Structure formats: C-alpha cells, structure tokens
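Chain by chain, the residues run as shown.
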Amino acid sequence: MKKYRNKTLSDTVSTVGSMLLFLLFTGCLLMMIAVAAGTYSRISNNFDKTFGSSAALRYLSNKLRSCGDAEISEHGIILRSDSIADVIYFDGGGLYEKTVMSDGDAEFTGGDRIFELGGMTVSDLGELYKITVTVNGGENSTFVRKG
Amino acid sequence: MSALKAFSGGKRRPINLFFTEMIIVLLFFSISGAVILKVFASAELKSLQSARLERVMITAQSIAEAYSESGDLTSAAKLVLGDDVVIGETTLLLSDTKTEFHGVGTSYTTLLLENGSISMRAQESGAVSDAGGLYHLTMTFDADGEEIYSLSCSAYIRNGGEER
Chain E
1 MKKYRNKTLS
11 DTVSTVGSML
21 LFLLFTGCLL
31 MMIAVAAGTY
41 SRISNNFDKT
51 FGSSAALRYL
61 SNKLRSCGDA
71 EISEHGIILR
81 SDSIADVIYF
91 DGGGLYEKTV
101 MSDGDAEFTG
111 GDRIFELGGM
121 TVSDLGELYK
131 ITVTVNGGEN
141 STFVRKG
Chain W
1001 MSALKAFSGG
1011 KRRPINLFFT
1021 EMIIVLLFFS
1031 ISGAVILKVF
1041 ASAELKSLQS
1051 ARLERVMITA
1061 QSIAEAYSES
1071 GDLTSAAKLV
1081 LGDDVVIGET
1091 TLLLSDTKTE
1101 FHGVGTSYTT
1111 LLLENGSISM
1121 RAQESGAVSD
1131 AGGLYHLTMT
1141 FDADGEEIYS
1151 LSCSAYIRNG
1161 GEER
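Protein chains in written order, with the working numbering: chain E, 1 to 147; chain W, 1001 to 1164.
Don't take every hint at face value.
Claimed, not checked - Quick list of simulated restraints, FRET-style, between CB atoms: (1) W:1043 with E:28: 13 to 21 Å; (2) E:36 with W:1151: 19 to 27 Å; (3) W:1043 with E:124: 40 to 48 Å; (4) E:62 with W:1117: 54 to 62 Å; (5) W:1049 with E:10: 50 to 58 Å.
As the list claims (entries may be wrong) - A few chain E residues that don't get close to chain W, going by computed Cβ distances all over 10 Å: (6) 70; (7) 91; (8) 108; (9) 127; (10) 128.
Hints were generated in silico from the structure; no laboratory data involved. Please read these numbers as outputs of a predicted model, since none were measured by experiment. From the three backbone atoms N, C-alpha and C, an ideal C-beta is built for every residue, glycine too.
Take these sequences, add in the hints, and give me the full structure.
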C-alpha cells in the first residue's frame, strides 16, 4: 500500500490547485446553466408575447374580412355568412369560438378555446374595425377595412 | 525560499498528469463556454429581431388598411400609431401634368417608430382626375441602417374623397 508520509509542499499545492480548478469549472458550468435558463426564459416570453398576439390578430382579421356581416358587442363578435354564424368571444383568459346555424343559438357561451389571451376587444370605427388583443400584459392592435 | 525549494523538489519528479489533464479540460470547456454564450446571445438577438419584424409587419398592414380607406398617410399613421407619432418633413415633387390625369405628384415622408429605433420611409404618389384620385403608398422600414420590411398599397378615392 502506498504511503503518503513523505508528501512535499508541491504535492499539496498540486492537489489544492486541482481542486480549485475543478471548483472553478463547476462554478462556470453553473453560471452558464443560469445564463442559458435566463436566455431561454426571455426568448420564450418574447415569443409568446409577440406571436401569440399576432396569431390571434391575424385569425380575427381574416375572419372579419371573410364574413358577410359582423355584429360587434361588448362580449365578442358574431360573424354571419350565408346560413352559418361564427361566434367569437373572450372569457376567462381565453378566446372561444363556436359555429352555429344563423337562426340558432348565437350566444357567447360554450365553444372551443382557440387562444390563450389576456383580453380581446373589437371596435367599429366607421369604415374600419380595430382589433385589440392583450397577451402577457402587452397590448397589440390591428385595423381591418370593412367589406 | 525554503517553500520554493520544497515546491520545486530536490529531485526530478514526474509531471502531475492529473493537474495537466485538468488544465486541458478547463481550457476545452472555457472555449466551449465562450461559443455557447455567443450562441445564446445571437439566439436572443434573433428572437428580438423577429419580434420587432412581426410588430413592424402588423403596423405596416394596419397603416395600409387605414390608408386604403382614407388615401391620407398622415391620418392613417396617426390612427395606427397614435397622435404623438413623429412625422418628419414631407417633400413633395410634382411632375408634369401631360398625362391622362390632371395632376401627378410624388411625396416622401419619414416617420419614427418605437422611440426612434425604427424609421419608416413612405413614398406616396398620386394621380388626380375629375373622377377621383388614385394614390400609391410604399412603406419601407429601416432599423440599424438596414431595410427590414417593405409594403406597398393603393387607395382610390372617388370625387375628392366623397365616395369610395
């Protein structure tokens, strides 16, 4: 069995140095993981804020453009075309949509949850519609021409 | 001195392989770390740029919709960006009127968006006749001295805007 009675100062320094290097390496690694997590979190938030709201805005814009007649109320919008009506409304942190017959139950209840949003309003500005959605505290608006 | 002597050793000692290996490993991971940090930074930059482009696209489309309705860039920009939008100097160039229209002109306007980080160059040309005015608008968005997005649209205003 190897004995370490004759350990010199160089052995001690070598051992401590190695341990310090390993400690430094571990510290750098942990710091890098923290930086990576922060970066990923920022990118993810930014992505949700920008593209979540723009996807909702584009969806609503296309729906408004393609409908024959739009009925706007404080609860949501009813888009009528031919014999069907599309009911889109905001409730409880989400945007809901359901399709019913024109003479059917066009009320702002039920339907499928299509987007996670903080809020949605559609206003009639005469010849334009203004659509505003809120995601993660950020508000985005777009304008759509009638007809 | 005695410490130094002790460190150097009285007789030749084999190189501490573990110590050397640790240095090489540390060097390798330091280089890898630098590369990874650069990748993180560029990923975040790309993310911010794509978000900015998305905002600019929505703004441009909204201005185009409002412009198609009114044929007036200033009112369209104020409607979309708010009354506090910074509108730069407008240069109006009138060309000759020997066309089928009674008047033809081109104007260049600069708008500043997002605290001046994005500028919008708008080139507006119009031709007016008795029947109405046909206007074309080309919006070009610049950021950091580079063009990031461009969109063209038109507006036809009948009888001086009374009817579309």
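Cross-check of the supplied hints:
For the hinted restraint 13 to 21 Å between residue 1043 (chain W) and residue 28 (chain E), the CB-CB distance of approximately 20 Å keeps it satisfied. Hint check: residue 36 (chain E) to residue 1151 (chain W), Cβ distance near 37 Å, so the stated range 19 to 27 Å is violated. In this structure the hint that residue 1043 (chain W) and residue 124 (chain E) lie 40 to 48 Å apart at CB holds, the actual value being about 41 Å. Range check, residue 62 (chain E) to residue 1117 (chain W): about 30 Å between beta-carbon atoms, so the 54 to 62 Å window is missed.
Distance hint check: the CB atoms of residue 1049 (chain W) and residue 10 (chain E) are about 54 Å apart, consistent with the given range 50 to 58 Å. Non-interface status of residue 70 (chain E) relative to chain W is upheld: no Cβ of that chain comes within 10 Å, the nearest being about 15 Å off. At the 10 Å boundary, the C-beta of residue 91 (chain E) stays outside the reach of chain W, the nearest C-beta of that chain being 24 Å off. Look at residue 108 (chain E): its CB is around 26 Å from the nearest CB on chain W, clear of 10 Å, so calling it non-interface holds up.
For residue 127 (chain E), the condition that its CB be more than 10 Å from all CB atoms of chain W is violated, with the nearest at approximately 5 Å. At roughly 6 Å from the closest C-beta of chain W, the C-beta of residue 128 (chain E) falls inside 10 Å, breaking its exclusion from the interface.
Consistency note: the structure conflicts with the earlier hints numbered 2, 4, 9, 10.
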